[in-house]
Amino acid sequence: MKKIVYLLEYPIDLPGGAQMSTLSVCEGLIARKEAGYQPVVICPKLLTHSAADYSFRILEYDMGDGRVFNLFKRIRAFEKYIRMESPDLIHIEMSESLITYGFIRRKFKQIPYIYTDRGLLFGYRKRSRLFMDPVLKDARMLVTTTEYNKGLWTEGSAVRPISVIYNTISSRYFGSYDPDKRIRHDKPVIGLAGRICIEKDWPFACELIDALAATGADFKVDIVLSTFEKGDDEQVKEIYSRLKHSIGEENVILRQELTQAEMADYYYGVDIFLMTSQFESFGKAAVEAMSRKCAVVSTAVGGLPEVLGLEDNLYTKVDINKGVDRIRSLMEDPEKLEEQREYFYRRYLDRYTEEKYIERHIELYDGLTG
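Position one of the sequence shown corresponds to residue 1 (our numbering), numbered consecutively onward.
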């Protein structure tokens with residue numbers, strides 16, 4: 001049995017893309033004992049769970065206040081646990097963990113390591129790149145979640161080799177499609193979902209709904225918002241107010257802080273899932289919607305064009321009318337909408353299931369550990 005250590009700078013039970021993706025691959029390796037890998041996660045102390053709640057081993061370390069202080073605590077914890085575990089491979093899942101490991105990598109020359117970049121190359125500050133690039137040059141592999149980001153790294157760095165493993169969503173909640181849960185409506189339902197943050201650009205989402213309503217289209221909006229920082233609640237109220245003003249209170253459904261299980265059911269009530277992001281490295285929400293047979297219309301940013309694979313369903317803020325026209329055409333043509341639902345669902349099955357995600361990781365690990 002070969003051991004793989006995963007390095008994280010956030011607790012694995014804190015909701016986040018890297019944590020959920022790490023959870024998926026670790027649970028997948030445990031379920032596939034024949035693959036011959038034992039995952040071990042090194043992360044800060046868990047927030048709401050205990051290590052015993054998981055099917056794989058978790059080694060926790062303390063964190064305090066202050067970035068520099070935390071860096072030194074991570075360095076000590078990583079060195080202690082890596083020496084104790086003596087793994088066959090180290091998989092680094094977050095940028096701060098990569099920088100941290102860079103300070104001790106010379107002490108573990110015999111252990112190959114890889115890094116998964118779940119963002120986009122241009123999302124890193126110059127100061128971060130100064131610390132990251134030397135560590136990546138010693139890595140056995142850089143993994144990206146899209147071909148688009150691989151191209152950015154290929155053109156913008158000397159880091160090699162680079163491979164692509166598409167991201168995934170949790171099979172625990174999105175693993176199978178239940179046709180009996182699909183909800184039919186008297187009018188089309190547009191779905192919006194995400195955290196209150198600049199990247200999601202909720203003011204623009206309201207503008208697009210305004211523009212769509214101005215065409216005379218009759219529809220509902222079902223929106224899920226999650227808050228994290230002070231002031232987010234006020235933004236939720238503003239978004240809700242603008243949507244009600246556009247299409248009427250009776251046509252707006254506001255949901256907040258849904259669990260993953262609740263989100264998995266939420267998409268069954270959505271006909272067209274709309275993304276208005278100004279930055280997305282991958283777009284897991286789009287894949288979640290695809291897994292529930294929603295048509296997806298999105299801004300053409302980051303990895304989203306690659307994830308969707310359908311030029312007609314992409315638009316830009318400069319050409320907002322393209323998005324409006326596409327949504328209207330789908331709402332007015334039930335056959336076309338059904339055709340798109342099937343297209344996106346097949347694309348999810350072909351590229352983004354957790355099963356394929358695990359298979360690609362095992363192939364990568366096999367190649368690196370011999």
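Treat the hints as calculated values from the structure; they're not laboratory data. Treat the hints with care, as some may be off.
As the list claims (entries may be wrong) - Subject to a maximum C-alpha distance of 27 Å in a straight line, what follows is the list of computed DSSO-like cross-link-like pairs (lysine-lysine):
(1) Lys107 / Lys137
(2) Lys109 / Lys3
(3) Lys356 / Lys181
(4) Lys244 / Lys220
* **Numbers of the earlier hints that this structure fails to satisfy, in rising order** => none
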